[in-house]
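Each chain, written out:
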Amino acid sequence: MKKRLNVSNGVGEPVTVPTDQLLSHGLGREPITVPTDQLLKKSGVVKDAKIPSVADTVTQDTTTTTQKVEPPEGFNKLNFQKYLSFINSGDVCQDYKQPNNVKLEDIVHENLPISIISKFTDPKLNLSIEKYIYDNMPDPRTNELARRMVLYKNKPVIVMGKNQNPFKEINLRLAGLYEIPIIRRMSGGGTVVHDLGNVNFSFIASKEEFHRAKFSGLLVDKLNELIGVDGFAVSSNGKVEYNMPTFKLGINAKGDIINAENEKKVSGSAYQISKGKSLHHGTMLLNVNLKVLGKLLKLSPRRKESIICKSIDSIPSPVQNMGVDEEIFKYCCVNAFIEGYGHQVGTLHEDYDNLIKLNGSDVVKVDSYQELPEEVWENYKRFGDWNWTFGKTPKFQFKLYDEENGYFDVTFVIDRGLVIKEVIVDEDINGYFSRLVETVEQGSEPVVFVGEAVKKYINDEEIAKVVSWNIDFNVNYQRMYDGVKL
Amino acid sequence: MFARSLFRTSSSALRSTTTRTAFLTYKPATTFTLRLQSTLSANQLNKDSTPFKFTSGEEPLVRYTTEHEWVAIHPDGTSFVGITKYAADALGDATYVELPVDLIGETVAQGDTVGSIESVKSASEIYSPLAGEVTAVNDALEENPGLLNEDPMGEGWIVKLTKADGEVEGLLNEEEYVKLLEEHEDE
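So the sequences go chain by chain: A and B.
Numbering of the first sequence is given in full-length UniProt numbering, commencing with residue 1 and proceeding in unit increments.
Numbering of the second sequence is given in full-length UniProt numbering, commencing with residue 1 and proceeding in unit increments.
The hints are simulated quantities; they were obtained by calculation from the structure and are not laboratory data.
In silico contact screen, one side only, chain A against chain B (beta carbon under 7 Å); selected entries:
# : residue
1 : 187
2 : 271
3 : 312
4 : 416
The calculated lysine-lysine pairs, modelled on PhoX-like cross-linking and capped at a C-alpha distance of 25 Å, are:
#  : chain 1 : residue 1 : chain 2 : residue 2
5  : A       : 275       : B       : 163
6  : A       : 455       : A       : 465
7  : A       : 103       : A       : 381
8  : A       : 97        : A       : 82
9  : A       : 275       : B       : 179
10 : A       : 421       : A       : 304
Glycine residues also receive a C-beta, built at the ideal position from the N, C-alpha and C atoms.
For reference, chain A alone in the conformation it holds in the complex (with noise of 0.2 Å):
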């Protein structure tokens, strides 16, 4: 067994080699040989260059340092290489020359599978292209071959399931002060933070062929097959390196991706069904900062108790990170679909700049705002209206009290639309809520449970920015719903 030192390379990144060479080095033998490919390893840290087993060194002694394990026939290198230079080109514009594209439009209707990748990181914009997407594939009943493969990244949000309560799940002191923008979406489950270490795939499918699990089964299958598969194997020149699965995934009683080791979560789900549809939402965290992840959905006991809804609980599971690079993953999500869906039974025939054929199955790019139909700016006005996220949040109640003075004891009767709908007083020794109870209770103007609009009815000025801060700490609307007037 042979001992290895970190050493220099010249340009900053620390290279591991044996101690021979190191030393041979000093001892001015042999120069040290560094492989070019190794110059290039992402991390600095040769991966490969792991110290042998005992039961290694007998058997193979150091070969095992150069061997290469070749990604199996089911990933189709040669396919993840096409995947990569598609996916890929047109980041670096010709001028001269426009790219021939295909519209969305022209394609949603098609009765086909489709896997389509949307380039932008706008969180409202992609949910409003999947939206788009799924309201226009055609009925999977008389449309048996129509089912898509939706995938993307989005810059930092949080998403709340359809009917849950952003007061209840959402730590909206902190989700103010970074400015992280919240959205309700149209599939129910619990709130995730997405930022882009997070990729979203989506399987769009018949309501009859709706299961929780089955995509997640395919994708699994994929993942698990490139364990231990060499990072550079896979790229074209043998110069890069990808980062590969490193444990094998299993699935959870839930349908969720696991660890299957540890049992810790690395993709979260959620389902909608609609109009003879299904589609199955999920989360992959690649590379997310867990530790701003996971403050950004914790509330206080206090706060948590304050709140009484019947809305969906987010339920926290431990997660961790998948690490494998982002290409990889989609390339697996989109060899998945296509094995299970979409091999060989047919495609478009013109060809386009924007779509690939993999396995006789079209892959789609969207990356250009101008081609983008309206009806996508429509649900974009929807994601973020805060009438929709704030809006229809399910009735709820708000008790708020005065732990060391007792001079006020109030309960919020919130309802649909985030209007106050009764004020219960139990204490109100000084009657700063008087006001507020009273234009509750005539009805005459809607009072709605922000903050700033509640602070305006109470009767006292340091009361009312206690009362103000304790419904959504001063949460900026504006800002995140684009000049809302509330």
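For chain A, the structure is supplied; the task is to place chain B on it using the hints.
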């Protein structure tokens, strides 16, 4: 078929009912007819519930949709809408029912969305089997979404509406609905 994977659960449940029926009646009958009967009774309106007893002394007309909703139409046009036992079983435990509160007093067309049900992270829309004016929603579901699984074809009704005048087309009677379920199972 509502959901292939989930169907297995409900069809095995049907089979167990079948066995029990066969044991109790001692009737030599084919599995098919027995299964038909059990499916039929499972998807019948609960005779002790509000949607059934709304008009005293007169039974409502019960119809089904291919989307697995039922509607109980009373002589005065008052109609209750809900989802079938089959659909409730296929969805699993309801955790939230989104009632169409905004639609009260509004007119809906046949096939319009009248709320949704969330169960195990999935949101499923409900469609109105009839055109008419929404007059009420079942507030009890807000407090207790489980009612939808306990008594889907009774106290778990979702929307009450006044049927618009005119013939209703495209709805199934009990026999046709059960046949639809049988066909799904055979697929």
